[in-house]
Amino acid sequence: IALSAAAVNDVAAWILLALAVALSGDGNSPLTSLWVFLAGCGFVLFCIFVVQPGIKLIAKRCPEGEPVNELYVCCTLGIVLAASFVTDLIGIHALFGAFVIGVIFPKEGNFANALVEKVEDLVSGLFLPLYFVSSGLKTDVATIQGAQSWGLLVLVIFNACFGKIVGTVLVSLYCKVP
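In this note's numbering, the protein residues as written are 13 to 190.
Calculated cross-link-like contacts (lysine-lysine; reagent style BS3-like; alpha-carbon spacing at most 27 Å):
hint: 1; residue 1: K150; residue 2: K176
hint: 2; residue 1: K119; residue 2: K130
hint: 3; residue 1: K130; residue 2: K72
hint: 4; residue 1: K119; residue 2: K188
hint: 5; residue 1: K68; residue 2: K130
hint: 6; residue 1: K176; residue 2: K188
hint: 7; residue 1: K119; residue 2: K72
hint: 8; residue 1: K68; residue 2: K119
hint: 9; residue 1: K176; residue 2: K119
Rather than coming from a laboratory, the hints here were simulated on the basis of the structure.
Input sequences plus hints: build the corresponding full structure.
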């Protein structure tokens, strides 16, 4: 249940991050921020009303006990890549597109289990470590100089941890989980 509460917290965090990116803009024009916000909302609505029924149709074509057609797995991975590409074009991080597809994807059934089985090792063994390496290489700790910069870093880390913990606790209390 804590995992479910954390998942709701992650959904809220990704939505807030996408909203913050949309509203921060690049300093050129306020219309850019409006474009990112509206296009991001349109993308989410498109995924809910167009992509999700298509994915559910694929999932229904995969009865229990039968092997899943490789074409369905490839189509699903293509949808994830396309969603990442679209959100990157919009101006939101590419991970948000893949995240939205993951949220609308059916969690139960033969198709979901087969997809997890086929992709889990690749994602957790290759892509996840590469993401953290990439993120770590982009971090320049040498630029953190002075008490103000270190204080800001500690404040950001504290707020991130506090928000994660409080968000998870609030969702679990709302769901009446002890």
